[in-house]
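Student: Line order of the protein sequences matches chains A and B. Numbering-wise, the first sequence is residues 0 to 278 according to numbering that gives the first Met the number 0. Numbering-wise, the second sequence is residues 0 to 243 according to numbering that gives the first Met the number 0.
Hints are supplied without guarantee of correctness; some may be wrong.
With a cut-off of at most 25 Å between alpha-carbon atoms, the simulated SDA-like pairs for lysine to any residue come out as follows [unchecked claim]:
1. A/128 x B/150
2. A/124 x B/133
3. A/124 x B/149
4. A/95 x A/172
5. A/128 x B/157
6. A/128 x B/64
7. A/203 x A/50
8. A/253 x A/243
9. A/128 x B/140
10. A/95 x B/135
11. A/124 x B/152
12. A/124 x B/150
13. A/253 x A/234
14. A/124 x B/47
15. A/124 x B/146
16. A/124 x B/143
17. A/95 x B/136
18. A/203 x A/240
19. A/124 x B/147
20. A/95 x B/233
21. A/203 x A/249
22. A/95 x A/79
23. A/95 x B/143
24. A/124 x B/106
25. A/128 x B/133
26. A/95 x A/108
27. A/95 x B/148
28. A/128 x B/233
29. A/203 x A/251
30. A/128 x B/143
31. A/128 x B/144
32. A/124 x A/73
33. A/95 x B/155
34. A/124 x B/151
35. A/203 x A/270
36. A/128 x B/155
37. A/203 x A/85
38. A/124 x B/155
39. A/203 x B/157
40. A/203 x B/40
These are calculated hints, taken from the structure and not from any lab test.
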Amino acid sequence: MTKAVPVSASRNGNAEPNVAPIIETTDLYKSYVVGEALRPVLGGVSIKVRSHEFLCIVGPSGAGKSTLLRCMAGLLEPSSGAVLLDGDPVQQPPAKVAVVFQDYSRSLLPWMSVARNIMLPLRAKGLSKVLQRERAAEALTAVGLTECADLFPWQLSGGMQQRVAIARALAYEPEVLLMDEPFASVDAQTRADLEDLILGLRSKFGVTVVLVTHDIDESVYLADRVVVMSGSPTTVRETIIVDLPTPRDQVSTKVLPRFAELRAHVLTLIREDRRRLDS
Amino acid sequence: MPFVLVALWWFLSAGSTSLYFPPLARILSSVQHVWLAHRFSSDLVPSLENLAAGLLISTILGIAVGLLLGRLPVLSDAVTPVLEFLRAIPAVALLPAAVLLLGIGPDMRISVIVYGTIWPILLNTADGARSLDPILADVVAAYHIRPRDRLRSIILPAASPQIVAGVRTALSVGITTLILSEMIGSTSGIGYQILSAQQSFAVSDMWAGIVVLGIIGYLLNVAFRGLEAYVLRWHRGMRQLVGS
Numbered sequence: 000m001t002k003a004v005p006v007s008a009s010r011n012g013n014a015e016p017n018v019a020p021i022i023e024t025t026d027l028y029k030s031y032v033v034g035e036a037l038r039p040v041l042g043g044v045s046i047k048v049r050s051h052e053f054l055c056i057v058g059p060s061g062a063g064k065s066t067l068l069r070c071m072a073g074l075l076e077p078s079s080g081a082v083l084l085d086g087d088p089v090q091q092p093p094a095k096v097a098v099v100f101q102d103y104s105r106s107l108l109p110w111m112s113v114a115r116n117i118m119l120p121l122r123a124k125g126l127s128k129v130l131q132r133e134r135a136a137e138a139l140t141a142v143g144l145t146e147c148a149d150l151f152p153w154q155l156s157g158g159m160q161q162r163v164a165i166a167r168a169l170a171y172e173p174e175v176l177l178m179d180e181p182f183a184s185v186d187a188q189t190r191a192d193l194e195d196l197i198l199g200l201r202s203k204f205g206v207t208v209v210l211v212t213h214d215i216d217e218s219v220y221l222a223d224r225v226v227v228m229s230g231s232p233t234t235v236r237e238t239i240i241v242d243l244p245t246p247r248d249q250v251s252t253k254v255l256p257r258f259a260e261l262r263a264h265v266l267t268l269i270r271e272d273r274r275r276l277d278s
Numbered sequence: 000m001p002f003v004l005v006a007l008w009w010f011l012s013a014g015s016t017s018l019y020f021p022p023l024a025r026i027l028s029s030v031q032h033v034w035l036a037h038r039f040s041s042d043l044v045p046s047l048e049n050l051a052a053g054l055l056i057s058t059i060l061g062i063a064v065g066l067l068l069g070r071l072p073v074l075s076d077a078v079t080p081v082l083e084f085l086r087a088i089p090a091v092a093l094l095p096a097a098v099l100l101l102g103i104g105p106d107m108r109i110s111v112i113v114y115g116t117i118w119p120i121l122l123n124t125a126d127g128a129r130s131l132d133p134i135l136a137d138v139v140a141a142y143h144i145r146p147r148d149r150l151r152s153i154i155l156p157a158a159s160p161q162i163v164a165g166v167r168t169a170l171s172v173g174i175t176t177l178i179l180s181e182m183i184g185s186t187s188g189i190g191y192q193i194l195s196a197q198q199s200f201a202v203s204d205m206w207a208g209i210v211v212l213g214i215i216g217y218l219l220n221v222a223f224r225g226l227e228a229y230v231l232r233w234h235r236g237m238r239q240l241v242g243s
């Protein structure tokens, strides 16, 4: 069925959709000052994210993926280039964007109950206490933790804590959800569960998701498009359209020949890059 | 064990004719008839009131100034040398000067207690407030946490284990400072009564005062531990979990 179809891909954005992007980076450069030297991390990254799509950014560890995501979240100022949200430059964290961080144990507040962790960002939105509570309860139900509202985060398992962090992001009602290696610190089974959870939430709420990962299987399994980052400083190596049927399934999707092809393609790109760096 | 020791003391001292070590029975009767009777309201209560006022002021002031210093590195850098100098002066060394300036009323004692107890609270608070976990800083920025929520719901609770440790230190410093201030510049209070009992050879009254002091210190510690267990219940629970 799909064996003859080549991997649809391009260098620097031919696979980008022609629809106006909801969030976009234009020629993003970022360097860190290390001692007296300037270490370039991002070397001109241009990415367009379409509304309602699931975009995965994959690349080797230390490739500046998190730096890119933090720039997109408005948490980090790029050295040059711009991040545009609905066409407007992002100067500081936009209210339409929510972030899920990798380290759930540090991104949740240990002195607050699960429900209050979710309610805290809603205070800034001027919601009444009742409404805050309602939204927190809805978000907890959406991630399957209805019963845990009054527990402290540290009383939950790692996977459950990351669900709380996802619930906090959902309750914030963002248009764009940015996730920085969100499943990197949980075990394999929990990871698969969380992947399916986030796919389900995305189709239910129609939120745009940008997820950074170093896991190739995860990127192909989750994404509508995969952006492969490589090099030092990092650039977009290729953007790949993932033409796998939806809804995805941990078993039946991953046995498709097409899944293997896409996976192999991404792996090849990253390997080539590694070889080039090593030599 | 404590009961055994008290019993031992009771029986060993029962037949004592020594001027300096009266029988425990006499000390306890003095506790009952002197300290729990007329001196209860004339000395004991005012002493405790001064201690409470002093600790309350230094806790509030210490946390407020500590937060300010912790969050404003520029200010902290500017005043730290001065603070280090002031802190190095033991509060009790200031007693003569305090008597001169403020007289021998409760104002003087409260002031000296504040001076003695504010440092551990202030410095611990500044220390705890100084370093906000960078991930929490990202959370604060990404989710637009309001400044007052940031202070009340993030910075203060994050610093609370250190603040509580500071207050615990302040408690024992406070008792010491109180007693000494009463011995040096006062006409009432536990410290004054212990000293004047000693000077008038009312030895069992003196010992009784010391016993009362011990009991007060013990009870304050128990009460504080209860408060700590409540305020830091998340911290304790988390640590137990990590340790297990």
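Student: Would you mind marking each hint as holding or not holding in the structure?
Tutor: So, going through the hints one by one against the coordinates:
1. A/128 x B/150: 19 Å, holds
2. A/124 x B/133: Holds, at about 23 Å.
3. A/124 x B/149: 14 Å, holds
4. A/95 x A/172: 8 Å, holds
5. A/128 x B/157: Measuring from Cα to Cα gives roughly 24 Å; hence the hint holds.
6. A/128 x B/64: It is violated: about 31 Å lies between the C-alpha atoms, which goes past 25 Å.
7. A/203 x A/50: 14 Å, holds
8. A/253 x A/243: 10 Å, holds
9. A/128 x B/140: This hinted pair holds, its Cα atoms lying about 22 Å apart.
10. A/95 x B/135: 19 Å, holds
11. A/124 x B/152: Roughly 16 Å separates the two Cα atoms, so the pair holds.
12. A/124 x B/150: 17 Å, holds
13. A/253 x A/234: 28 Å, violated
14. A/124 x B/47: Not satisfied, since the Cα-Cα distance of roughly 46 Å exceeds 25 Å.
15. A/124 x B/146: Distance ~13 Å between residue 124 of chain A and residue 146 of chain B Cα, so the pair holds.
16. A/124 x B/143: Holds - the C-alpha atoms of residue 143 of chain B and residue 124 of chain A are around 9 Å apart, at most 25 Å.
17. A/95 x B/136: 19 Å, holds
18. A/203 x A/240: The hint holds at about 22 Å.
19. A/124 x B/147: This hinted pair holds, its Cα atoms lying about 14 Å apart.
20. A/95 x B/233: At roughly 32 Å apart (the allowed maximum being 25 Å), residue 233 of chain B and residue 95 of chain A break the hint.
21. A/203 x A/249: Distance ~19 Å between residue 203 of chain A and residue 249 of chain A Cα, so the pair holds.
22. A/95 x A/79: 23 Å, holds
23. A/95 x B/143: 11 Å, holds
24. A/124 x B/106: 47 Å, violated
25. A/128 x B/133: Answer violated: residue 128 of chain A to residue 133 of chain B is near 28 Å, above 25 Å.
26. A/95 x A/108: 22 Å, holds
27. A/95 x B/148: 20 Å, holds
28. A/128 x B/233: At roughly 23 Å apart (the allowed maximum being 25 Å), residue 233 of chain B and residue 128 of chain A satisfy the hint.
29. A/203 x A/251: Satisfied, since the Cα-Cα distance of roughly 21 Å is no more than 25 Å.
30. A/128 x B/143: Answer holds: residue 128 of chain A to residue 143 of chain B is near 17 Å, not above 25 Å.
31. A/128 x B/144: Holds, because 16 Å separates the two Cα atoms, which is no more than 25 Å.
32. A/124 x A/73: With a Cα-Cα distance of about 18 Å, the restraint between residue 124 of chain A and residue 73 of chain A holds, given a limit of 25 Å.
33. A/95 x B/155: 28 Å, violated
34. A/124 x B/151: 17 Å, holds
35. A/203 x A/270: Not satisfied, since the Cα-Cα distance of roughly 36 Å exceeds 25 Å.
36. A/128 x B/155: 22 Å, holds
37. A/203 x A/85: 22 Å, holds
38. A/124 x B/155: 22 Å, holds
39. A/203 x B/157: With a Cα-Cα distance of about 36 Å, the restraint between residue 203 of chain A and residue 157 of chain B is violated, given a limit of 25 Å.
40. A/203 x B/40: Given that 25 Å is the threshold and the Cα spacing comes to 70 Å, the pair is violated.
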